[in-house]
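Student: For this one, chain A is given, so just place chain B on it according to the hints.
So the sequences go chain by chain: A and B.
Quick note: the first sequence, position 85, residue 85 per my numbering, numbers continuous.
Quick note: the second sequence, position 131, residue 462 per my numbering, numbers continuous.
These are computed hints drawn from the structure, not numbers from a lab.
It should be emphasised that the depicted structure is a prediction, and the values quoted were computed from it without experimental measurement.
It cannot be assumed that every hint is accurate.
To be verified - Over 10 angstroms on every C-beta distance to chain B, these chain A residues come out as not near it, computed from the model:
{"no.": "1", "residue": "Ala134"}
{"no.": "2", "residue": "Leu199"}
{"no.": "3", "residue": "Gly284"}
To be verified - Which residues of chain B face chain A? A partial, calculated answer using Cβ under 10 angstroms:
{"no.": "4", "residue": "Gln336"}
{"no.": "5", "residue": "Gln338"}
{"no.": "6", "residue": "Val345"}
{"no.": "7", "residue": "Lys346"}
{"no.": "8", "residue": "Arg349"}
{"no.": "9", "residue": "Thr350"}
{"no.": "10", "residue": "Ile358"}
{"no.": "11", "residue": "Ala419"}
{"no.": "12", "residue": "Arg498"}
{"no.": "13", "residue": "Phe503"}
{"no.": "14", "residue": "Leu574"}
We put the CB at the ideal spot given by N, CA and C, even for glycine.
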Amino acid sequence: MPEEDSLLAIRTQNLTRNYDGLCAVDHLNLAVNRGELFGFLGPNGAGKTTTIRLLAGLIRPTDGRAFVDGLEVSHKLLQVKARIGVVPERSNLYNELNLRDNLIFVAKLYGLSRGQREARADELLGEFGLAGRAGSPFASLSRGLKRRLTIAAALVHRPSILFLDEPTAGLDVPSARNLRAVIRTLHASGVTIFLTTHLIAEAERLCGRVGIIVKGKLIALDTPAALCAQGQGQRAINLVTSLPTDTLLSALKQSAEITRLSRAGDTLCLSVRSVDSAVRDVVGITQQLGITIEALRTVNPSLEDAFVQLTGLDVEALQTGKMLDNAGRKP
Amino acid sequence: MMLAQLQRAWHIMVKDMRTYYLKPPLISWGMLFPVVMILAFYMRDPSDIRSVAPGLIGMTVLFGATSMEAVVIAFEKRIGAMERLLLAPVSPAALVIGKGASGALFGTATGCLVWIMSSLFWDLPLAAGGVVLTVLLGSVTFSLLGVLISLLVREVFDAMALSNFFRFPMVFLCGVFAPLAAMPPPLRVVASVLPLTYTVDALRHLLLNGAGTRFSLVFDLGVSALFGAVLYVAALRLMYNRLEDLI
Chain A
1 MPEEDSLLAI
11 RTQNLTRNYD
21 GLCAVDHLNL
31 AVNRGELFGF
41 LGPNGAGKTT
51 TIRLLAGLIR
61 PTDGRAFVDG
71 LEVSHKLLQV
81 KARIGVVPER
91 SNLYNELNLR
101 DNLIFVAKLY
111 GLSRGQREAR
121 ADELLGEFGL
131 AGRAGSPFAS
141 LSRGLKRRLT
151 IAAALVHRPS
161 ILFLDEPTAG
171 LDVPSARNLR
181 AVIRTLHASG
191 VTIFLTTHLI
201 AEAERLCGRV
211 GIIVKGKLIA
221 LDTPAALCAQ
231 GQGQRAINLV
241 TSLPTDTLLS
251 ALKQSAEITR
261 LSRAGDTLCL
271 SVRSVDSAVR
281 DVVGITQQLG
291 ITIEALRTVN
301 PSLEDAFVQL
311 TGLDVEALQT
321 GKMLDNAGRK
331 P
Chain B
332 MMLAQLQRAW
342 HIMVKDMRTY
352 YLKPPLISWG
362 MLFPVVMILA
372 FYMRDPSDIR
382 SVAPGLIGMT
392 VLFGATSMEA
402 VVIAFEKRIG
412 AMERLLLAPV
422 SPAALVIGKG
432 ASGALFGTAT
442 GCLVWIMSSL
452 FWDLPLAAGG
462 VVLTVLLGSV
472 TFSLLGVLIS
482 LLVREVFDAM
492 ALSNFFRFPM
502 VFLCGVFAPL
512 AAMPPPLRVV
522 ASVLPLTYTV
532 DALRHLLLNG
542 AGTRFSLVFD
552 LGVSALFGAV
562 LYVAALRLMY
572 NRLEDLI
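If we strip away everything but chain A, and leave its shape as in the complex, we get:
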């Protein structure tokens, strides 16, 4: 094992995967350190799940190489599988089996002895707050609890690297919060976590580093703070007026200082080139239209701003999966 690989949990070299002429992952070069909580951010269809499947050996690359825990995935597939845990986007345990039996069955697949698997199943059920439901069929659980058990199942063999594919997708707010707490605890225990998400806030809150992938290409890779700093050129202003009419919106859109405009309730969110010039424009426009400014404040650039600047995509694309640029065109 090269020395550099001993420090890395995951490394890819020009990893590429095509599907019928469509490049799902395009010459991906990535390195994730051991013990890191790494976020892979991108809209639906960007190549996040394909990347996890390539790293887990579920699919074969068209080109390039992937190393997990220092082992080349295509050459040491079973050893790699024994060292990783994968939580797919869809909870995929057996509806007919109860929670404990599901964990015990997964433990059997990883070669744990009878004593080990029973103890581990009970330990995980306790850790994930599912001990009281140990005898319930998997089918009877809520989506949030199913997700929890699916994560528990991925940890049965104490993997050093855990892949989480959209872990909070489809969960209600309390379940998602609980799950994020579980992820933080796992990370604190030393597990390397590779997490994909289309939720910018989730990546910003959880991850030490974030890679942004669009159309199979890694277009940015850094800490959330550093990525936000890259978005410094794109400052933001939040504006609340007495009358946020369409006329006002149209007039603001005409300003060369305002690069993007969105509306959140009563607040207009403006991405601007220069705060001072933009404020002058806003004040001038509102005075012209006879509209009173009730609140106006500058906002530090967020990961969302950085995402928009780096990708040229509308943030809405992350939620809808439709990749449109700010002008509403497909890039």
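Tutor: For chain B alone, coordinates are given in the frame of chain A:
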């Protein structure tokens, strides 16, 4: 490594038996199907029941081994459970063996049930150890055929349709209801490439002292084993080549 993989295959088999086979509907179907067939033939001609018993056992093995096996993988693909198996350090060979073993076990159990019932009621030889071997070989072959079918299709309904495409011609062409010797020569040629032919022929040797047989017992068992080996290799290759279709 080999032993570890066989243990995983065993666990997959036990889980499948528990999840799919040891369920009241399938157990009752597995018992009801042969009982109804036996009664139907008995009512048609009570004196003839002994001569069709090998065919009924063979048919029971065929349906018992393939009924669930042909749809299990397609079903698990649909619910994402195949992905769960593929994420674990389980080799394709262990997957094929584990999946095939549950169907083979069920086929053997239902086939032996008909044999024991036939022996008790119609004075067929009970202490024929070769029957268990024949039924087991047939069950393994048909179960692997089920695995192969399940790997070929995407949907459960397609798997059911495709398994019937293979099963029903076999029921009519492989000497289940009438000895092969009574069939026209072209159909005998077709029958010679179908695995059920050799299961039924071997059972005629063992239960009817060779009445109506076409091949020797050793040949029947050898060809049955060969069918099993060929289907295992075919299923393994298909599993390896279509791993990505299973997720």
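Student: Hints first: check each against the structure and report whether it holds.
Tutor: Hint check:
1. Ala134: holds (17 angstroms)
2. Leu199: holds (22 angstroms)
3. Gly284: Non-interface label on Gly284 of chain A holds, nearest chain B Cβ at 57 angstroms vs cutoff 10 angstroms.
4. Gln336: Holds. Min distance 9 angstroms.
5. Gln338: This hint holds: Gln338 of chain B lies near chain A, its Cβ roughly 7 angstroms from the closest one there, short of 10 angstroms.
6. Val345: holds (9 angstroms)
7. Lys346: holds (5 angstroms)
8. Arg349: With a minimum Cβ separation of about 8 angstroms from chain A (threshold 10 angstroms), the hint on Arg349 of chain B holds.
9. Thr350: For Thr350 of chain B, the interface hint holds, since the closest Cβ of chain A sits about 5 angstroms away, which is under 10 angstroms.
10. Ile358: Violated, because the Cβ-Cβ distance from Ile358 of chain B to chain A comes to roughly 15 angstroms (cut-off 10 angstroms).
11. Ala419: holds (4 angstroms)
12. Arg498: Hint violated; Arg498 of chain B Cβ to chain A Cβ min 26 angstroms, cut 10 angstroms.
13. Phe503: With a closest approach of 36 angstroms, the Phe503 of chain B hint is violated.
14. Leu574: holds (7 angstroms)
Checked against the numbered hints given earlier, the structure breaks hints 10, 12, 13 and satisfies all the rest.
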